[in-house]
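The task is simple: from the sequences and hints, build the whole structure.
Single-letter residue listing:
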Amino acid sequence: MAQASWEKPKHPLKRKRSQRAQFITAGVVILVSLLYLLVSGTLQGARYFITVAEVLDDPAHRGRTLRVAGAVDGESIDYDSEEAVIRFDIVHIPSQYDDLAQALRDALEDANAPRMNIIVEDAAIPDLLQHEAQAILTGALEGDGIFHATELLLKCPSRFEESSPPEGLGQLPEHS
Amino acid sequence: MLAELGLVALTLALAGALYAIVACLYSARTGEQRLLQSGRNAALLTCPALLLATGALVVALLTEQYQLRYVYQVTDPGTPPLYRFTALWGAQRGSLLFWSLLMSGFICGAIALNWRGERRLMPVCIPVMMASLAFFLGLSLFIENPFERWWILIDAPVEEQVVSRALIPPRAVPPTEANLRAGAEGMNPLLRHFGMVIHPPMLYLGFVGFTIPFAFAVAALASGDLSNSWIRATRRWTLIAWLFLSLGLILGGRWAYDVLGWGGYWGWDPVENAAFLPWLVGTAFIHSVMIQEKRGMLKLWNMLLVIAAFSAVMFGTFATRSGVIDSVHSFARSEVGFPMLAFWAAMTLLALSLLAWRWRGGALRDERQFASLLSRESLFVLNNVIFIALFVAIFWGSFGLPIASELFLSKEVTIGAQTFEFYVVPLFIAMYMLMGVAPLAAWGGMTVARLGGMLRIPLLLTALGVAGLAVGGTDLLVAALGYGVVMFAAIVALCEIARGVAARRQTLGEGPLRALLALFGRNQRRYGGYMVHLGVTVIGIGVIGSTIFQTEAQHTLNRGETVVIQDYALRYEDFVRAQAVDGRLMNIASLVLLRHGDEVARIRPRIDDYPQLPMSIAGAHSTLENDFYVLLIRGDRQRATFRIYINPLVNLVWWGGLLLILGTAIAAYPKGRR
Numbered sequence: 001m002a003q004a005s006w007e008k009p010k011h012p013l014k015r016k017r018s019q020r021a022q023f024i025t026a027g028v029v030i031l032v033s034l035l036y037l038l039v040s041g042t043l044q045g046a047r048y049f050i051t052v053a054e055v056l057d058d059p060a061h062r063g064r065t066l067r068v069a070g071a072v073d074g075e076s077i078d079y080d081s082e083e084a085v086i087r088f089d090i091v092h093i094p095s096q097y098d099d100l101a102q103a104l105r106d107a108l109e110d111a112n113a114p115r116m117n118i119i120v121e122d123a124a125i126p127d128l129l130q131h132e133a134q135a136i137l138t139g140a141l142e143g144d145g146i147f148h149a150t151e152l153l154l155k156c157p158s159r160f161e162e163s164s165p166p167e168g169l170g171q172l173p174e175h176s
Numbered sequence: 001m002l003a004e005l006g007l008v009a010l011t012l013a014l015a016g017a018l019y020a021i022v023a024c025l026y027s028a029r030t031g032e033q034r035l036l037q038s039g040r041n042a043a044l045l046t047c048p049a050l051l052l053a054t055g056a057l058v059v060a061l062l063t064e065q066y067q068l069r070y071v072y073q074v075t076d077p078g079t080p081p082l083y084r085f086t087a088l089w090g091a092q093r094g095s096l097l098f099w100s101l102l103m104s105g106f107i108c109g110a111i112a113l114n115w116r117g118e119r120r121l122m123p124v125c126i127p128v129m130m131a132s133l134a135f136f137l138g139l140s141l142f143i144e145n146p147f148e149r150w151w152i153l154i155d156a157p158v159e160e161q162v163v164s165r166a167l168i169p170p171r172a173v174p175p176t177e178a179n180l181r182a183g184a185e186g187m188n189p190l191l192r193h194f195g196m197v198i199h200p201p202m203l204y205l206g207f208v209g210f211t212i213p214f215a216f217a218v219a220a221l222a223s224g225d226l227s228n229s230w231i232r233a234t235r236r237w238t239l240i241a242w243l244f245l246s247l248g249l250i251l252g253g254r255w256a257y258d259v260l261g262w263g264g265y266w267g268w269d270p271v272e273n274a275a276f277l278p279w280l281v282g283t284a285f286i287h288s289v290m291i292q293e294k295r296g297m298l299k300l301w302n303m304l305l306v307i308a309a310f311s312a313v314m315f316g317t318f319a320t321r322s323g324v325i326d327s328v329h330s331f332a333r334s335e336v337g338f339p340m341l342a343f344w345a346a347m348t349l350l351a352l353s354l355l356a357w358r359w360r361g362g363a364l365r366d367e368r369q370f371a372s373l374l375s376r377e378s379l380f381v382l383n384n385v386i387f388i389a390l391f392v393a394i395f396w397g398s399f400g401l402p403i404a405s406e407l408f409l410s411k412e413v414t415i416g417a418q419t420f421e422f423y424v425v426p427l428f429i430a431m432y433m434l435m436g437v438a439p440l441a442a443w444g445g446m447t448v449a450r451l452g453g454m455l456r457i458p459l460l461l462t463a464l465g466v467a468g469l470a471v472g473g474t475d476l477l478v479a480a481l482g483y484g485v486v487m488f489a490a491i492v493a494l495c496e497i498a499r500g501v502a503a504r505r506q507t508l509g510e511g512p513l514r515a516l517l518a519l520f521g522r523n524q525r526r527y528g529g530y531m532v533h534l535g536v537t538v539i540g541i542g543v544i545g546s547t548i549f550q551t552e553a554q555h556t557l558n559r560g561e562t563v564v565i566q567d568y569a570l571r572y573e574d575f576v577r578a579q580a581v582d583g584r585l586m587n588i589a590s591l592v593l594l595r596h597g598d599e600v601a602r603i604r605p606r607i608d609d610y611p612q613l614p615m616s617i618a619g620a621h622s623t624l625e626n627d628f629y630v631l632l633i634r635g636d637r638q639r640a641t642f643r644i645y646i647n648p649l650v651n652l653v654w655w656g657g658l659l660l661i662l663g664t665a666i667a668a669y670p671k672g673r674r
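Chains as they are written, first to last, in the numbering used here: chain L, 1 to 176; chain U, 1 to 674.
Hints are computed from structural coordinates only; laboratory data are not their basis. Just so it is clear, the structure is predicted and the values come from calculations on it, not from any experiment. Think of the CB as a built atom: it goes at the ideal place given N, C-alpha and C, for glycine as much as any other residue. It is possible that some hints are incorrect.
Under 10 Å between C-beta atoms, here's a sample of chain U residues computed to sit facing chain L [claimed, not checked]:
no. : residue
1   : Leu260
2   : Ala371
3   : Val385
4   : Glu406
5   : Leu427
6   : Glu552
7   : Gln612
8   : Leu631
9   : Arg634
10  : Gln638
Partial pick of chain U residues on the chain L-facing surface, computed with a CB cut under 7 Å [unchecked claim]:
no. : residue
11  : Pro175
12  : Ala178
13  : Lys411
14  : Glu412
15  : Gly416
16  : Tyr423
17  : Gln550
18  : Gln554
19  : Thr556
20  : Asn558
21  : Gly560
22  : Met615
Listed below in structure tokens is the structure:
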């Protein structure tokens, strides 16, 4: 006759505690890894987003990777297609504005507004690089006084929707 | 006449939505069913009313009614009919109306299909859906009215004479037809692409679709009916919204690839990221909802995910439409920003408050506890953690860091694409590994040895695949490992499908194809899910190939000259200028692509001259192996400069997307009564 054997099971409370500890440990490991990922990535890749005037006025910004926005002066655009180098100037626009199109226009009409030379190397010339476009550049102002951009973002022209009524509509019909 | 018709229909839709809110909420209090039915009917009325309003705007666009400010802004006499139609969603005013139409379509579908099954949730569900719709209708009527017309005020000073108003102002006349036609601004050239026909509607469908699960979740919380019934009702709606959102994201990538001319498809732009965020939360929900259905767990978490998905949609809409975010995709700065932010905050707070109330009352207590780390439910939770980590990282980089730095440092700090890649690559690796392991784990728990046994064959096949890649010439260890991780997930999905087919063949004696079809038909969710996993792995292979091995070069060629790039030769043949039917001038270069001396394609990149700006249209030779992608930079008949990209495996991104959509459609397809 087979003998029945019985083994006392582990204390259920103890087992529960050990499982909880496993889950908590796994959670802490995940949380710490995620925090490390975010903090280290941010410290390495963070760039200040500033205006042209701020870049030019503060020597502390020289050589630092920055993000800067300005109005593109269309006449200054020069593209060397052999070397794939784009050169142009951007003009200071204030960091706060109500109407972007107006801010860009005002900036380019102001002869005294601070302006900065830009160089972008090994790049195709973007279609949106036009007069009165807003350029958002990532790069650094080097010792040669030129901002060497590694990233160039241009605002889509649909942003330049008229907030004021268009000119030319105002002529009254003859019968009125 | 069209403007009046549109205005009346829009007002009627808003009135219907408001009445539905009041009637249904009153019936929730009193239990009066006739009032609930009346509210439902008013909600259903919004759809035909919005169809009428949208129809009026479409007719105005097609028939060149330039007195309408919107028509004047987005079209001109040279705009082809197809783009006249797509102009409906080409700028803020029209796209808000279109958004409302899609939302109301989704809502009417949800009411019609769930009226019988989920009737007890309807007294709250309908008001939540209608509140969302009414909010967008309010924006359309009071802030961004698509039916505003240009008027000249006869008695006003010259500089204030031209105004745009929805209603006819006193002592006003319309501008002359000739002036209107001459001044019409026309569509942004970037939007004149086939992608414009389909990408925004799909994205909008994905966005507005998340309103339905949110409304059901809030209704369940408010009514206290927190059984799995609301989960069943919303799961399919979530899948449908997720399907459209996925399609919108894939098509957006394709559009960027074709139109923006940088040889890439994802730039970590804030607006792109804003559309990706609800997708991540939706993906997490699609997985975790299975645990609630099967095990009665994660009730609180699922509620949170549904609320977060809707909240992410609203935040993304705010980010895109307010114009406060710097992006190539965003709309112009608009007055809708503050109301949208307020609506987003109000809806999110309302839902979270209800959630907290129910949670404190113990109504969201799980029926089981996690028994083992090595169980399917634990691994699904880990999968959720990864999706939420991706959400946090991308939200932090796109919005959190710029906002926090502005608040605490008075300076905006941003991060670039490289940092986003630093964040997401380890998380995607973890996601792919889990995609391989989790489907093999058992509910409740299993031993390491048993799981190891199940993983043996997929791991062996993966190792063979990686070795094959190494022999085949993939000399980059990172790429080989990347392919390995992605392949592992694909092999597990394929093995599971093969196992199912084999089991049917053995037990039922079916042929392989019949067994495969029956497998997908009998268990749509499971095998549709595997197909989605396969799609994601194919996308992963495409992303690794096109990112790590992309070749980029720029060459200036004389006519007849050839340049050699890898094992291709590219010869500049000709250059022509031609005029398109819409009047734009096209500068077309003609090149011959040779491989091993044989002509494989003729490539014609071009630059289209629009009045607003030139548009570069890439020429490409596409195969499954790679895309030979050429941009014309400038040129004439004698000499031209080209930017050349070889993007290996990039087409797998689109093919993988197609598999993903197909798999989701299978999983979401309603099962007939058997």
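Status of each hint after checking the structure:
For leucine 260 of chain U, the suggested interface contact is upheld, since its CB lies about 8 Å from the closest CB of chain L, less than 10 Å. Below 10 Å, beta-carbon pairs count as interface contacts, and alanine 371 of chain U has one with chain L at about 7 Å; its hint therefore holds. At about 6 Å, the closest approach between the beta carbon of valine 385 of chain U and any beta carbon in chain L falls short of 10 Å, and the interface hint on this residue holds. Interface hint status for glutamate 406 of chain U: upheld, as the beta-carbon distance to the closest one in chain L is roughly 9 Å, under 10 Å.
Of the supplied interface hints, the one on leucine 427 of chain U holds, with its beta-carbon coming within about 8 Å of a beta-carbon of chain L, less than 10 Å. At its closest, the beta carbon of glutamate 552 of chain U sits 8 Å from a beta carbon of chain L; the interface hint therefore holds under the 10 Å criterion. Contact between glutamine 612 of chain U and chain L, as hinted, is supported at the beta carbon level, the nearest pair being about 6 Å apart and thus within 10 Å. At its closest, the beta carbon of leucine 631 of chain U sits 6 Å from a beta carbon of chain L; the interface hint therefore holds under the 10 Å criterion.
With a cut of 10 Å, the hint placing arginine 634 of chain U at the interface with chain L holds, because the nearest CB-to-CB distance is about 6 Å. Annotation: glutamine 638 of chain U was flagged as interfacial toward chain L, and the flag is violated, the nearest CB pair being 14 Å apart, outside 10 Å. A cut of 7 Å between beta carbons decides the hint on proline 175 of chain U: the least distance to chain L is about 4 Å, and the hint holds. The criterion of a C-beta within 7 Å of any C-beta in chain L is not met by alanine 178 of chain U, whose closest approach is roughly 9 Å, and the hint is violated.
Evaluation of the lysine 411 of chain U hint against chain L yields a held restraint, the C-beta minimum of about 6 Å falling below 7 Å. Because the smallest distance between the Cβ of glutamate 412 of chain U and any Cβ of chain L comes to about 4 Å, under 7 Å, the interface hint for this residue holds. The interface hint given for glycine 416 of chain U is met, as the beta carbon of that residue sits about 6 Å from the closest beta carbon of chain L, less than 7 Å. Evaluation of the tyrosine 423 of chain U hint against chain L yields a held restraint, the C-beta minimum of about 5 Å falling below 7 Å.
Given hint, glutamine 550 of chain U at the interface with chain L, is violated; its Cβ is 14 Å from that chain's nearest Cβ, farther than 7 Å. Below 7 Å, beta-carbon pairs count as interface contacts, and glutamine 554 of chain U has one with chain L at about 4 Å; its hint therefore holds. Using the Cβ-Cβ criterion of 7 Å, the hint placing threonine 556 of chain U at the interface with chain L is satisfied: the shortest such distance is roughly 6 Å. Of the supplied interface hints, the one on asparagine 558 of chain U is violated, with its beta-carbon coming no nearer than about 13 Å to a beta-carbon of chain L, more than 7 Å.
With 7 Å as the threshold, the beta carbon of glycine 560 of chain U stays out of range of chain L, its nearest partner Cβ sitting at about 19 Å, so the hint is violated. Annotation: methionine 615 of chain U was flagged as interfacial toward chain L, and the flag holds, the nearest CB pair being 6 Å apart, inside 7 Å.
The structure fails to meet hints 10, 12, 17, 20, 21 from the earlier list, while all remaining hints are met.
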